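Colleague: Protein sequences appear in the order of chains A, B and C.
All letters in the first sequence, in the order written, are residues 13 to 168 by the working numbering.
All letters in the second sequence, in the order written, are residues 119 to 478 by the working numbering.
All letters in the third sequence, in the order written, are residues 18 to 151 by the working numbering.
Think of the hints as simulated: they come from the structure by calculation, not from any bench.
None of these values were measured; they are calculated from a predicted model.
Any given hint might turn out to be false.
[To be verified] Derived DSSO-like pairs: lysine-lysine, alpha-carbon spacing no greater than 30 Å straight-line:
#1 K322(B) with K93(C)
#2 K55(A) with K40(A)
#3 K322(B) with K78(C)
#4 K78(C) with K169(B)
#5 K322(B) with K38(C)
#6 K429(B) with K126(C)
#7 K315(B) with K296(B)
[To be verified] Not close to chain C: a few residues of chain A, all C-beta gaps over 12 Å, as computed:
#8 N53
#9 K68
#10 E143
[Unchecked claim] Label pairs and their calculated CB-CB ranges:
#11 N143(B) with M120(C): 20 to 28 Å
#12 D90(C) with R45(A): 54 to 62 Å
#13 I125(B) with K111(C): 30 to 38 Å
#14 Q324(B) with S42(C): 18 to 26 Å
#15 E143(A) with F359(B): 53 to 61 Å
#16 S15(A) with T123(C): 52 to 60 Å
#17 D70(C) with S15(A): 56 to 64 Å
#18 G47(A) with S308(B): 29 to 37 Å
#19 P132(C) with V150(B): 44 to 52 Å
#20 A52(A) with N143(B): 18 to 26 Å
#21 E360(B) with P121(C): 42 to 50 Å
#22 V30(C) with D301(B): 50 to 58 Å
#23 K69(C) with L354(B): 21 to 29 Å
#24 N53(A) with G202(B): 53 to 61 Å
Every residue, glycine too, gets a C-beta built ideally from N, C-alpha and C.
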Amino acid sequence: MKSPWILHFDTGSCNGCDLEIWALLTPKYDVERFGMVNKANPKHADILLITGPVTKKCEERLRKLYEQTPEPKLVIACGDCASTGAPFMDCYNHNHGVNNVIPVDVFVPGCACRPEAIIDAVIIGINKWKEKAEAMETNVSHEDKIMPDDSPRSDQ
Amino acid sequence: MSRISTIPFGPQHPSFLEPLHLKLNLEEERVVSVELSQGYNHRGMEYAMEKDWKRDAFLSERVCGICSFHHGTTYCQTIEAIAGLQVPERALIIRTIMLELQRITSHTLTLGHIAEAVGYENLFMQFFREREEFMRLANLISGNRVHYSMNWPGGVRRDISPETAKELENKLDEMLPKLQMLDGVVRKDSTWLKRTKGIGVLTKEQATTWAVVGPVARASGIPYDVRLSGNAGYHLEGIRFEPVWREEGDCWARAMVRMDETLQSVDLIRQCLGQLRDGPLVAQFKGHPNGEGFSRNEAPRGELMYWIRAKGESKLDRVKIRTPAFVNIPPLAEMLPGCEFPDVPVIVVSVDPCVCCTDR
Amino acid sequence: MTDEAGVSTDPNVDLRAKLMKADRSGPSRLICIFPLDNADGTLDMIYMFQRKDEVIQYRYKVKEGAELDSISDLYKGAWNMEREAIDMFGIRFKGVPGGLFLMPETGIKAPLLKPKVPTVGSAQDVATEVKKDV
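Pulled out of the complex, with its shape left as it was, chain A reads as follows:
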């Protein structure tokens, strides 16, 4: 399980954490050496990096992106506002954190969270991701697999 691909979505943050996520792709921190690439397609993504306390207008989009990303996936909530909604706790137009909308695996603290912390979070998350992938494989082996005889090509 190597080189997870990233999808980044900003659900209403101040962009401080988004800049740090962009800084990951650039020469000083350079996550591309781990194989991590920023693809904007949810069907290509393994890791969702979400920033911002989900605003009401972004809620539906976030749910759709989450559903479109195939399993096994990892959701990382970057920053204080994505984790708990602070410092915007008195604002009225948001959902106080990503885990109120979709399930989150790793929370990254900090306002703005540092790029090193995000890399740490991805490393911690990769173990969880491997466990999920193994659980998926054991589940499939118990269910009916599509045997070669049943495949459409064998009819021809």
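We have chain A; now place chains B and C onto it with these hints.
Modeller: Frame of chain A; chains B and C shown alone:
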């Protein structure tokens, strides 16, 4: 017989950092009209900032992460205008240094972003590599890469020690040739010129009707810069600068204005370091502000204004924030029609839409 | 900074004439249009302009929920500012739709109006409602 096809752009898109929705109506490959949809980033900051004026010194920074120090400074300047405080000179100079440092990081970000939209990945990586040095400098002085939190109504909370000032000067000497090399690319490189010259033109009349501010206005022939009105430390003796402006009004002119301003900021920081004298850091203030006032500052994207009414208690009565991106984004409805579809990301990014500032 | 027209209470009558007269010597730059709530059923509408090196404010007292003329035909930049005022304060402008920031399905209406009597759908109620879910 050509039909109109509608393509939705965003809010989750590789070119944009922030959620902004464009509905483009295309005929063949040419944009006929565009509808903008905002509000994805609206949290309700003006409501939250009414709760506690002391906390707002830090909450105002979280309106935007790219121009956060400008928000914090303008907020503190407004409270100082209401309370009649005289900020000490050393604090003004430290504020000016951090404002210009933030301006450099913001402009290199935008230029890198335009390079990525144009397809010039190498230039994008180079701009961000130079930007990392300035982020490290900001971290050295203030303790954080984003959200410096150095402001307090009446002055600043952290000092610049002589060693830090020396390191800042040495680093600027080291970075200037690298920025000048990038300036040569933005000015003359043929790939860059082919993708940005003549694209997305905003004439001077259009710029005046739409009331645009900042580099977008200065690239269209309106030489106005709020720093000339002398807020923060720009009125002090020994600090001189001229607004950078151009007349072409296309994407290239906007990128050139930002590149020239980056080099100008390096010069301004050097002037400020030369003017740093000993003195107090903050003017003491007891009690709560009472009255109305407003203050403006030149954020990297243009004129930022805070208007506050306070009634002598810990709550504020009204906080109005007028950000530069709020007036710079609507002219896209005039700049985009007539251009080709692959040019849309370049034009949108050259206007530098800071959606978190727009939606607050 | 000069403050003009605290006296007239109807911007529909007064503002357009003043602006057209002042703009004969050169266009002014619109800085902002925004309301303030006085918590007594009236709002202060403020129009800020820049002319040469001066900032000029026009200030009018209007009733809550009043309908004003839009100046977006003179200044295109006024369109979004008026839409924001509609969302945040519930004031109306002729020919200008709201819905710039707020989605009607969330039930949040005019969040920046000062609360006189707690009503359902006000910002306070929404804020406490969301916190209960956390």
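Colleague: Each hint: holds or not?
Modeller: Going down the list of hints, with the structure as the test:
1. K322(B) with K93(C): Holds, at roughly 14 Å.
2. K55(A) with K40(A): Distance ~28 Å between K55(A) and K40(A) Cα, so the pair holds.
3. K322(B) with K78(C): Not satisfied, since the Cα-Cα distance of roughly 35 Å exceeds 30 Å.
4. K78(C) with K169(B): holds, 25 Å
5. K322(B) with K38(C): holds, 22 Å
6. K429(B) with K126(C): holds, 25 Å
7. K315(B) with K296(B): holds, 24 Å
8. N53: holds, 27 Å
9. K68: Incorrect as stated: the minimum Cβ-Cβ distance to chain C is 5 Å, not above 12 Å.
10. E143: holds, 28 Å
11. N143(B) with M120(C): 20 to 28 Å: holds, 23 Å
12. D90(C) with R45(A): 54 to 62 Å: holds, 56 Å
13. I125(B) with K111(C): 30 to 38 Å: Check passed, 33 Å falls within 30 to 38 Å.
14. Q324(B) with S42(C): 18 to 26 Å: Holds, since Q324(B) and S42(C) (Cβ atoms, about 21 Å apart) stay within the stated range.
15. E143(A) with F359(B): 53 to 61 Å: holds, 58 Å
16. S15(A) with T123(C): 52 to 60 Å: Taking Cβ atoms as reference, S15(A) and T123(C) lie about 40 Å apart, which means the hint is violated.
17. D70(C) with S15(A): 56 to 64 Å: holds, 57 Å
18. G47(A) with S308(B): 29 to 37 Å: Given a distance of about 34 Å, which is inside 29 to 37 Å, the answer is holds.
19. P132(C) with V150(B): 44 to 52 Å: Given range 44 to 52 Å: holds, Cβ gap about 46 Å.
20. A52(A) with N143(B): 18 to 26 Å: About 23 Å separates the Cβ atoms of A52(A) and N143(B), which means 18 to 26 Å holds.
21. E360(B) with P121(C): 42 to 50 Å: holds, 49 Å
22. V30(C) with D301(B): 50 to 58 Å: Holds, since V30(C) and D301(B) (Cβ atoms, about 53 Å apart) stay within the stated range.
23. K69(C) with L354(B): 21 to 29 Å: holds, 24 Å
24. N53(A) with G202(B): 53 to 61 Å: Cβ of N53(A) to Cβ of G202(B): about 56 Å, so the range 53 to 61 Å holds.
In terms of the numbered hints stated before, the structure departs from hints 3, 9 and 16, listed from lowest to highest.
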